[in-house]
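Student: Could you use the hints to bring the two separately framed chains together as a complex?
Those protein sequences? They're chains A and B, same order as listed.
Heads up, the first sequence is in numbering that gives the first Met the number 0, so the first residue is 0 and it goes up one at a time.
Heads up, the second sequence is in numbering that gives the first Met the number 0, so the first residue is 0 and it goes up one at a time.
Please note that the accuracy of each hint is not assured.
Stated by the list, open to error - If we take Cβ atoms under 7 Å as the criterion, some of the chain B residues that face chain A in the derived model are:
#1 Val-52
#2 Leu-55
#3 Thr-68
#4 Arg-70
Treat the hints as calculated values from the structure; they're not laboratory data.
Since we're looking at a predicted model, the values are computed, not measured.
Note that CB positions come from ideal geometry on N, CA and C, so glycine has one too.
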Amino acid sequence: MNRRRFLSCLCGAPALGTAGLAAGTVPATGQALFLTSDLASTAGQVWQAWKEGYLAENGRVVDRLQQHASHSEGQGYGMVLAVEFGDRDAFSRMFDWTERHLALRSDALLSWRYLPDTANPVPDRNNAADGDLFYAWALMRAARRFSERRYLQRASDIAEALAQRCILPSPEDPARLLFLPAVQGFVHDERVTVNPSYLMPLAMNELAAATGVQELAQAARDGVALMARLASDGLVPDWVTVTPDGLEPAVDFSQNAGYEAMRVPLFLLWSGHDTHDAVRQMKRVYEQTVRPGAPVPTVIEPSSGVVLEASDDPGYRALAALLTCSGRAGQPGSDIPAFDPRQPYYPATLQMFAMIAVNEVTPQCIPI
Amino acid sequence: MKASPLEVTRLLALSLVLAGAGVVGLGGAALAQGAIIPVPLADEDGEEDADIVARLTAERFAAERARGTQRDPGAEPAQFISPLRPLHARGSAAGSAMRFDGETRDLEFMLFIPDPDHVQGLRIATRSSINVLPERSRFRVYLNEAYVGTGRLENVTGFGALDLTVDPAMLRQGENRVRIELVQHHRIFCGPDASFALWSDVDLAASGALLDGPPADGGEAAFLLGVAAAAASGGGVEIAGIAGLGEQAEQWVAHVTEHISEALGGDPVPFRFTGHWRVQQEAPSAARVTFLPAAQQRVQFRMAGDGAQVMVIRFRPGEPLQPLPEFETRIAGTARPSQTLIDGQRPMPLSALGFRSVEVFNRYQRIEQRFRLPDDFVILTNAKAELRLDYAYAAELPRGAMLLVHVNDTNVRLLPLRGQPNQMIEDFPIRFEARLLHAGTNTLGFEAIIPGDPPDLPCPTWEDAALALGAGSTLSVPYSPSMFLPDMHFAFVNLHPRSVTANEMTARAFPPDDIATLRAALVSGGRERRESLATRLHLLSIDDLGSVPTGGYPFSRNAIEAVLVNQPAAGLYADAGGAGGAGGTGSAGGSARQAGLLDLSPQREAETGVSAGWAWLTRQASIALQWLHPRPGMMLEHWLREQRGQAILLQLDTSRPQHIWMLRAPGSDISAVAGAIAAARERGDGPRGQVSVLDRDGQWQNWYAPDRQPTLLEPITLGNMRHVLGNFVSAMPVRYVIGLFFLALLSALVALRLVIATREH
Numbered sequence: 000m001n002r003r004r005f006l007s008c009l010c011g012a013p014a015l016g017t018a019g020l021a022a023g024t025v026p027a028t029g030q031a032l033f034l035t036s037d038l039a040s041t042a043g044q045v046w047q048a049w050k051e052g053y054l055a056e057n058g059r060v061v062d063r064l065q066q067h068a069s070h071s072e073g074q075g076y077g078m079v080l081a082v083e084f085g086d087r088d089a090f091s092r093m094f095d096w097t098e099r100h101l102a103l104r105s106d107a108l109l110s111w112r113y114l115p116d117t118a119n120p121v122p123d124r125n126n127a128a129d130g131d132l133f134y135a136w137a138l139m140r141a142a143r144r145f146s147e148r149r150y151l152q153r154a155s156d157i158a159e160a161l162a163q164r165c166i167l168p169s170p171e172d173p174a175r176l177l178f179l180p181a182v183q184g185f186v187h188d189e190r191v192t193v194n195p196s197y198l199m200p201l202a203m204n205e206l207a208a209a210t211g212v213q214e215l216a217q218a219a220r221d222g223v224a225l226m227a228r229l230a231s232d233g234l235v236p237d238w239v240t241v242t243p244d245g246l247e248p249a250v251d252f253s254q255n256a257g258y259e260a261m262r263v264p265l266f267l268l269w270s271g272h273d274t275h276d277a278v279r280q281m282k283r284v285y286e287q288t289v290r291p292g293a294p295v296p297t298v299i300e301p302s303s304g305v306v307l308e309a310s311d312d313p314g315y316r317a318l319a320a321l322l323t324c325s326g327r328a329g330q331p332g333s334d335i336p337a338f339d340p341r342q343p344y345y346p347a348t349l350q351m352f353a354m355i356a357v358n359e360v361t362p363q364c365i366p367i
Numbered sequence: 000m001k002a003s004p005l006e007v008t009r010l011l012a013l014s015l016v017l018a019g020a021g022v023v024g025l026g027g028a029a030l031a032q033g034a035i036i037p038v039p040l041a042d043e044d045g046e047e048d049a050d051i052v053a054r055l056t057a058e059r060f061a062a063e064r065a066r067g068t069q070r071d072p073g074a075e076p077a078q079f080i081s082p083l084r085p086l087h088a089r090g091s092a093a094g095s096a097m098r099f100d101g102e103t104r105d106l107e108f109m110l111f112i113p114d115p116d117h118v119q120g121l122r123i124a125t126r127s128s129i130n131v132l133p134e135r136s137r138f139r140v141y142l143n144e145a146y147v148g149t150g151r152l153e154n155v156t157g158f159g160a161l162d163l164t165v166d167p168a169m170l171r172q173g174e175n176r177v178r179i180e181l182v183q184h185h186r187i188f189c190g191p192d193a194s195f196a197l198w199s200d201v202d203l204a205a206s207g208a209l210l211d212g213p214p215a216d217g218g219e220a221a222f223l224l225g226v227a228a229a230a231a232s233g234g235g236v237e238i239a240g241i242a243g244l245g246e247q248a249e250q251w252v253a254h255v256t257e258h259i260s261e262a263l264g265g266d267p268v269p270f271r272f273t274g275h276w277r278v279q280q281e282a283p284s285a286a287r288v289t290f291l292p293a294a295q296q297r298v299q300f301r302m303a304g305d306g307a308q309v310m311v312i313r314f315r316p317g318e319p320l321q322p323l324p325e326f327e328t329r330i331a332g333t334a335r336p337s338q339t340l341i342d343g344q345r346p347m348p349l350s351a352l353g354f355r356s357v358e359v360f361n362r363y364q365r366i367e368q369r370f371r372l373p374d375d376f377v378i379l380t381n382a383k384a385e386l387r388l389d390y391a392y393a394a395e396l397p398r399g400a401m402l403l404v405h406v407n408d409t410n411v412r413l414l415p416l417r418g419q420p421n422q423m424i425e426d427f428p429i430r431f432e433a434r435l436l437h438a439g440t441n442t443l444g445f446e447a448i449i450p451g452d453p454p455d456l457p458c459p460t461w462e463d464a465a466l467a468l469g470a471g472s473t474l475s476v477p478y479s480p481s482m483f484l485p486d487m488h489f490a491f492v493n494l495h496p497r498s499v500t501a502n503e504m505t506a507r508a509f510p511p512d513d514i515a516t517l518r519a520a521l522v523s524g525g526r527e528r529r530e531s532l533a534t535r536l537h538l539l540s541i542d543d544l545g546s547v548p549t550g551g552y553p554f555s556r557n558a559i560e561a562v563l564v565n566q567p568a569a570g571l572y573a574d575a576g577g578a579g580g581a582g583g584t585g586s587a588g589g590s591a592r593q594a595g596l597l598d599l600s601p602q603r604e605a606e607t608g609v610s611a612g613w614a615w616l617t618r619q620a621s622i623a624l625q626w627l628h629p630r631p632g633m634m635l636e637h638w639l640r641e642q643r644g645q646a647i648l649l650q651l652d653t654s655r656p657q658h659i660w661m662l663r664a665p666g667s668d669i670s671a672v673a674g675a676i677a678a679a680r681e682r683g684d685g686p687r688g689q690v691s692v693l694d695r696d697g698q699w700q701n702w703y704a705p706d707r708q709p710t711l712l713e714p715i716t717l718g719n720m721r722h723v724l725g726n727f728v729s730a731m732p733v734r735y736v737i738g739l740f741f742l743a744l745l746s747a748l749v750a751l752r753l754v755i756a757t758r759e760h
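Excised from the complex, chain B in its bound form (with noise of 0.2 Å):
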């Protein structure tokens, strides 16, 4: 292995001769490189040649000298941003930046401030699309409701950052509020589009209060502040050490994460597991729950090495979850409006659910007001709410300025704006259908649409408000017999963290990073007391598909795959038309796949002669029977063929109201799904029905059960009889035809029984 001395004279001797060769031969090309030229070595065993060896030992210091990247080492600590945080969630991922679209937008943030003494100013970092105007595009910024400053709407390449100054007497220490108002005009156009095309992002990781270094001992403020950037740069929040909690480690993360959740609310926090010794990732870490084994259990708010703000809780091995005073009090829940309920048949003013009045000054917005039906409320029937208006416009809107009313997305009534400008046109009635109120949450929304005049200039100011709605308007639901109609949404807004229910295939779609900020997601947006209920969400891996009940609706795992795996949806099922009649003329998939769309039965053995006659017979009136009286499994599957999603919610089961099952898609972001989870939950809306999915936009896609039947949930009297009759009726008219069919048929036999005997007297 090593070179003898011999050799290694040999091998001297040869390099000697041609760095000489090379120095003289080609005129000083080495030394032109700089590359060290080899010079005749000291005998390792006589004596030194004292110049070489002062040379090289000089080298070799000089070598030494380089061993880090220099800093000068009086350089104080770069400014350091204490980002904002979104007060609610908006159900995208996280680390994503923060979109205003239309005209105006109004959006409020929390920002954590561990000594106002540090704050040397407030920076927001926005980008505009390039169709905005930036002359007469701004942005205002509160402080706590006091005013900061304004920004022009003016970077349309990339970020650009604005600076304001803050007078830190503004500043709380702790939780502070910001709020932004976006004004955005298009540089072209006026109108309805033109509004659709103006939108400004806000980069939260980069937008926040200007600190002059990072916090080292700045409490649990700090540590709220290192949340928050976790969250708006998407790292997330790490979780160390929970090795040596053993058998209480799924206890303790859950106690940790919820209540990190329920202090921040807005969008769910990501959390993942890291061990002691981690090598670092793009970005830093910026917050950390660290457990370190102690004989006293207490709680520590630290920096870490690498930046990350760090709790550090210190925990008896092998004892159970004591409570945590300095992390319950220090880091509490902020309280979250929920949404009205409405009990009883009365005038409701919207006033009484929240809505404030409202002037608009935009050619397009939209106003949403949401308020809550009890959860047996049914209606089925045609029976009518209604709506009674106050509002007033302005004189000379341009010809086509209308109001949308909308009750669940679903249009209700369009209102001119003419004829009556300049007036308060109070309690104008809008009767709508009540069956498109449903239990649980529901949206009266308003859509104000005022053309541009002219359409191809940009919008002049207006002084004075085009539309005003006013608070005093009434809202009147029908009654409703105490009946419950099956939808995953009254288990959806009750789950909890608990309700997350894993099992051994379940780590095959979700690593244990991904339930903990599931299960974190779920702590705020639900119902009061929920955790009485015995709510479930249960996550499995598509091979685990099989346990999912399917009640009466049965669909093929080709279906879900479908779904949830990129491929274009015309690939599966191309051939599920053309192959029907053709005998097993198709590839064994699209055979398979031929029989989950017609008969959902196994895939069939080869079929000859008779046999394939009698199939081709059957199959036929199994296309028949679906056209004369669809059957709902197949129209579920036909519904899944036009989904591509991130995540399915499935509760097929109606004797299993409480529990949800959750697939979702290689590779999705756990911090988009969970928070659209949590939006959903924030606003009540979200997943309905017996199947919803998540699809790539963030929106739920809900498929309803058409045979779904309602229940009673009361007993019947001679006051419920006509509306519990009506909605059993409505739900399945065809049993009631039926019904009334055989009764037509008995009265007439009847009839005709009495006629005959009549004759023979």
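With the rest of the complex left out, here is chain A (with noise of 0.2 Å):
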């Protein structure tokens, strides 16, 4: 099975081609007077920046804000980064350091978190799938830009891993796959907690059609599918419970559409979902609610759009100011602000993929 998904994904890889936008072409979602470009030379400064903000000297992308801790999570979106701005030194050096230090698992998968200074930097040795996910597919499309083999195998190990403990038939329909948020904690008798956040659509498929893995397109296509009931009385919720009977607000959870939910609009804008009713439903809230100079909303009540926490990092700003300018017709350009490397590591890596996003599928909203 190995060998046969090894084997399709060799194939598959010239297809990936078209699935990001060469640069230089002309989006099939966006304006034709806008173009995609290469980021590594238009946005370069915004990517050193990132670096200098978040990325120690020896891999390890530090989250400030959490006692100086690394996840899984930062290791693989920064990976993703550097695979995008084609650097490959900064790539190797976070592949090496979370091989090290978050790769303790008997399987392929990786334990969520590490904390410095401490006698035991890794006393959870969960993991977290969308880490785990984010990693795959940076050393997929790694493989791919840097052709190096290797990182493929580890991305093929990861997905199959994935597959395996992190992906299960729901309670409510055995036909639809759910994607496990780790491999323990979250499934209860026959209530499965999921967040919808960590589905990343485009990642999954891309690494579906790279490893041969299609339980990860799948489950994001069935992923897709439970957002859209989410989204449809609604903003999408940070957590929810699938049970046999349906859909319940996961007990003991973040109900709220909070900084786990807000990447779930980002994610299907970024694959190419920017049409999907959880993305409409964010915009409309921050349509309502983003003011200049006044702090842009993180934590939302669903149903009723309450903003109950909110910041003026530029980060978040930036998330708003793509999902407005998205579908918007006639005026062009985003109100995305400029990268600023102050702010925490969330906020800033989130307006890196923001930035990405509009690259790749909305150029028309290039910040003005």
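Tutor: Next comes the structure, spelled out in structure tokens:
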């Protein structure tokens, strides 16, 4: 099976070129006047600022706001960015550090967190499926961009491990697959708690095509459908529980649309689902609440749209600006602010993703 | 790369042992420090320990709740300042505070208000010298000529702000005018010296209209507000997206930057190019011009996510620049007064030059009036001009009170203020050398100096003026034939944005941002219809110094480098005097410099024997010749040795009077250079002669070639012959003397021949 998937990924690799937009081509979804560009040349200083702000010399992505911890998510995010900017050195450093410090499990997955300056920096060996997903996606893209086959093998191992341990049939409809947040802790009896923001359809589809692990693609499809159901009458929440009887609020988990769920419309848009209900709902809230000079909503009550928390970190404003601009006719240019490396790691990295999403999917939303 | 299961088990066991030892042995030190105590892990492939998983999962959620800098969701936008914009160029770098010096000052500013209903007040932030006596020193603020309020000058350790209440009815949407009057008193002394020690700064970026938040939809007024803020902070206006303009980029950028500069006037606005994807600078961007491709050309004013006021110009790719009526009519330029031209020999009332009667209440005050003479005005003779002054002064002024009259910074008269107090002295004649006047802008200055009485106590307040100068005073300028004396002033005041010329080496010294800023600085302040003159400002890097036409004034690269590169004056030329006759005993560099100083020739080869003696002889002859008849090129070198500056302008080739060559010091602030250029053009003074250095204090130091010759621009007639000959002779008296000598010699020979011939008979 491994060999079959490996071969299929080699065959699929050239086709991946069409998944993203090559520099200088006119995007199908953007206005013909706006072209995608090579971010390494048009936004090189932004990438440099991100590295200086959050990447340690040894390849560890540091989240200062959380005890200077590192997460598999951050390593994966950083490596996706490094590939995007063609920075092989930064990619290698992050990869090496991650393999040394987080690849501690018996399977191919990563432990989710590293706490520096502690006796046991990895007290919890559990994984985070989104971190594994981005890590594998970055490796897959790096294999193509840097012509390094060993990266693809590692990506393939992770994809298989995710399929085996973090994808399972939905209790509501066994024909549909759910993407678990982690190997442990989210399945209780027949109740499965999932985090919609852990799904990144583009990553899952590309990874499935490259590795042959089709469960990822199906989980992505089913996840997008699940998000559409959740967004039918409000914002997609951070967590939701799937039971044989349907969807329920996740008890003991955040039921708001907060720091987790804000990634949902971003990842959907990046994946080309710019008319998805989850995007539309969040866009509506942003249009109603975001004002110049005032903080941007970060935690929102999903059904009422009441803002519970807000922040003036530029990264969150960038998300709002991207969504507000996408699909808007007649007024190109978005209000995405300049990248500020003084903001915390998380909004900074989401802002980098927003930049990539603009470049690949909605180039008419280039910042004014 | 990855740990095997066995290794993992061993590591886990080891970590558990170590952790346990730590807990027991260290008495819970880890707990005390808040460290996470390792817990037994669930078997990844076996049963889950529900409690442990629940605790670790909760820990995970806790982490997810801290992912940004939290703010109160209901927080209102912070107050926002629409900053003051000085009406006139100051010649200082962008982002600096504005200084008021002396006992009284009165300055005017523009203030852009997108919506008067959002104005909460007027804020003035000041900082004063320790010498300022706060109890009696104050500033008054006027908005659109209506009084707003008064504040005390009491902040000596740093800037302090005073908020004044403003009635919205006093405000206009768009451009408003603010006038600040300062009155300062010395806390200890009285007199001119005390006056020099008085100053107060106004922080322009922190002074202006207080708005209840950033203007989101303020249109062009909000954009101009942003531009004013960009200039006040020194950040400059960003220009984004020019890559898409292709070959039209230069034309578009020139059009936009020039129009913005014209609309704002005053000190030049710095511009800098950016991409669409930017990194936040220390201070957020305040204004930006962004080019976006579109099917239809149009202009929009928007506010960006970083708070910058943005003018979005949507252009049709590949098409040349089209008129932008939304931009050109909504952001209109302000008419600026220009100097009055004096033409003719009749007495000209100073009121016709723009001078208004002045009353002096200060111990020291300088009053200046600028006027313009025709560009073909040349008087080098001892012809006299005359000022007939109307003035009066108070009784019982302290001994030593005086009024100095200056013409172009040369004192021409000292008038003691005693003898005829409390009466108007009319038509008091002050004759002065007309050669102090020159073509173009001239300055007539009055300097009132009234000692303190006593000088070591604060000045008493004067209810009445100590001195008054009447606008009915007249100025008479004698006739000048139409002549031209080489001077870069004519090219300088006629420069326009398209005069700026760059070559392939320019970028080494002038990045594109700086060129755009310089071009914008040349928008205003010059003469009318200057575009019709083919003036050129060549921007050079020091490596391209060889392309400067030197005329008859060769100079060395070292001399220019010494001016622009920050080195001690003595460093480069320390051995210039002593090594002169040493026959090459100095260092190679010293010899080269010596060559540059003495005969401006390349470094000589080693000199020995007869050749050394010959070289010594010629060198001494050269020194003697230079002593007898100084050569201008060497004088220029000597003059340059004394200069240190930010930029240097050269016009040494008299056959190309419309061209100026410019070099700048490495690392110099282009906004300071552009500001000095704009201020000089607005005032009409600044660079003159053949070489002009902008020194570190923002003053222009000029060098005039001593042998520059006038050129006659009209036919010689009986009427102008005397004046023309007078000018030619005065320009080069040695030639006149030599001519007369040969004429006398010829006459003597003829007379001798006549005598001899007569004796034969």
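Student: Determine for every hint whether it applies to the structure shown.
Tutor: Taking the hints in turn, this is what the structure says about them:
no.	hint	in the structure
1	Val-52	holds, 4 Å
2	Leu-55	holds, 4 Å
3	Thr-68	holds, 5 Å
4	Arg-70	holds, 4 Å
Checked against the numbered hints given earlier, this structure breaks none of them.
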